[in-house]
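> As a plain string of letters, each chain reads:
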Amino acid sequence: MSAVAAAPARARTRLEVRLWLAQRLSAVVLAACIVIHIATIVYAVRGGLSAGEILARTRGNAAWLGFYAVFTAAVAIHASIGLRTIVAETLRWRGRRFDVLALVFAVLVFAAGLRAAIGLYR
Amino acid sequence: MREASRLAQNGEGGSKHVAAAEQQTESLRVKVWRGTQEGGFDAFEVPPSENQTVLDVVTYIQRELDPSLSYRFACRVGMCGSCAMTVNGRPRWTCRTHVSKVTDGREITIEPLRNLPIIKDLAVDMAAFFDKWERAKGSFTPSADAAADFAVVEPTSPKRRAADEAIECIGCAVCYSACDVVAWNPDYLGPAALNRAWTLVNDVRDEGQAERLAAVSGDAGCHACHSHQSCKTYCPKALNPTGAIAGLKRLVAMATLRGEL
Chain A
1 MSAVAAAPAR ARTRLEVRLW LAQRLSAVVL AACIVIHIAT IVYAVRGGLS AGEILARTRG
61 NAAWLGFYAV FTAAVAIHAS IGLRTIVAET LRWRGRRFDV LALVFAVLVF AAGLRAAIGL
121 YR
Chain B
123 MREASRLAQN GEGGSKHVAA AEQQTESLRV KVWRGTQEGG FDAFEVPPSE NQTVLDVVTY
183 IQRELDPSLS YRFACRVGMC GSCAMTVNGR PRWTCRTHVS KVTDGREITI EPLRNLPIIK
243 DLAVDMAAFF DKWERAKGSF TPSADAAADF AVVEPTSPKR RAADEAIECI GCAVCYSACD
303 VVAWNPDYLG PAALNRAWTL VNDVRDEGQA ERLAAVSGDA GCHACHSHQS CKTYCPKALN
363 PTGAIAGLKR LVAMATLRGE L
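Taken in sequence, the protein lines are chains A and B.
This note's numbering applies: residue 1 is where the first sequence begins, and numbers increase by one.
This note's numbering applies: residue 123 is where the second sequence begins, and numbers increase by one.
Quick caveat, the hints were computed from the structure, so don't treat them as lab data.
It is possible that some hints are incorrect.
Label pairs and their computed distance ranges (CB to CB) [unchecked claim]:
id	chain 1	residue 1	chain 2	residue 2	range
1	A	L114	B	G200	57 to 65 Å
2	A	L15	B	S349	18 to 26 Å
3	B	S192	A	H37	58 to 66 Å
4	A	I118	B	E382	39 to 47 Å
5	B	S261	A	L21	23 to 31 Å
6	B	S349	A	A32	18 to 26 Å
7	B	T355	A	I34	26 to 34 Å
8	A	R10	B	S192	38 to 46 Å
9	B	S349	A	R46	34 to 42 Å
10	A	G82	B	R185	47 to 55 Å
11	B	G381	A	I118	34 to 42 Å
12	A	I36	B	G330	43 to 51 Å
13	A	I34	B	E160	45 to 53 Å
14	B	A250	A	L49	51 to 59 Å
Glycine included, each C-beta is placed from N, C-alpha and C at the ideal position.
Please put together the full structure from these sequences, using the hints given.
Dropping the structure here:
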């Protein structure tokens with residue numbers, strides 16, 4: 001492979017490695033978030049769970065807003081990279097335009113999750 | 123299935139065939155893939171023998187029943203890695219696979235290895251498999267300093283031990299055939315090539331490490347592995363390419379975080 005042809009290949013490899021790292025790191029964040037999320041549900045549901053109780057806990061609480069913003073960001077990163085891999089392996093759809101589609105998917109997931117978290121905060 | 127035509131060719135059609143089958147109730151019924159990517163199975167009856175291996179069965183068919191059958195073997199003792207085939211749906215080294223280990227009935231299906239182009243019948247084209255060893259920088263890169271003293275490699279050092287655990291590969295392509303990721307992504311280097319790279323990554327004398335780590339990274343490299351561990355399950359030498367690939371992932375991750383990749 002010539003040096004000219006090798007440069008994009010090297011850049012592509014670097015992108016793949018960074019995406020792989022991002023997916024692993026987001027998995028670590030997700031693991032912690034899921035434990036906190038489930039533990040809170042188990043704790044909160046003891047006296048019965050209602051929308052009013054949830055909102056009483058989350059409204060105006062910046063800590064919960066921050067927590068669910070991080071949770072949502074981790075989901076968006078993790079799921080979009082995973083989906084990109086599944087699509088590449090099962091449908092053989094690879095290349096720049098599918099990278100862009102995965103990025104669009106990540107933004108949509110993040111936006112939807114953040115909208116829900118803000119809804120609980122307000 | 124072309125059983126009828128095969129039996130007819132052998133003059134065993136009709137009542138003759140039934141009588142022969144009754145006399146040989148202990149015979150092994152063998153279905154063998156014939157053709158290339160396109161083709162079908164031929165059926166054969168093979169007499170049993172003590173300690174019969176799958177390679178014995180294929181050899182009997184080729185020598186006694188159908189000389190046009192193509193297959194590959196060399197050493198017959200589990201050293202050369204030539205005779206791997208798919209036996210009852212699983213990749214095996216046929217020279218060291220006893221028939222009694224793979225079937226409790228008297229039927230056996232033999233196909234070529236998966237994930238490689240079929241040349242004819244049971245012989246596959248191994249070129250892509252070994253080309254990937256080269257792409258993974260699977261050859262030793264010597265030091266430029268020929269005058270340097272011999273490197274001292276302690277047998278008990280962690281790197282030497284890691285290399286030892288991975289070094290007995292015979293290049294049979296059983297792992298490559300077992301790997302689903304190869305089936306999904308034909309560019310994927312595969313367990314054997316990455317396992318080879320891992321042995322060299324742990325060779326303190328080798329001076330091609332940066333190039334090698336770049337070569338084994340990315341969508342076609344170690345990062346594509348899903349750790350299904352089929353390679354480990356079926357490796358006839360009981361190696362663990364999944365472990366080797368995990369080691370490569372760790373090293374590449376560290377190199378990336380240090381900005382070296």
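> Of all the hints numbered above, which does this structure not satisfy? Sort the numbers upward.
none
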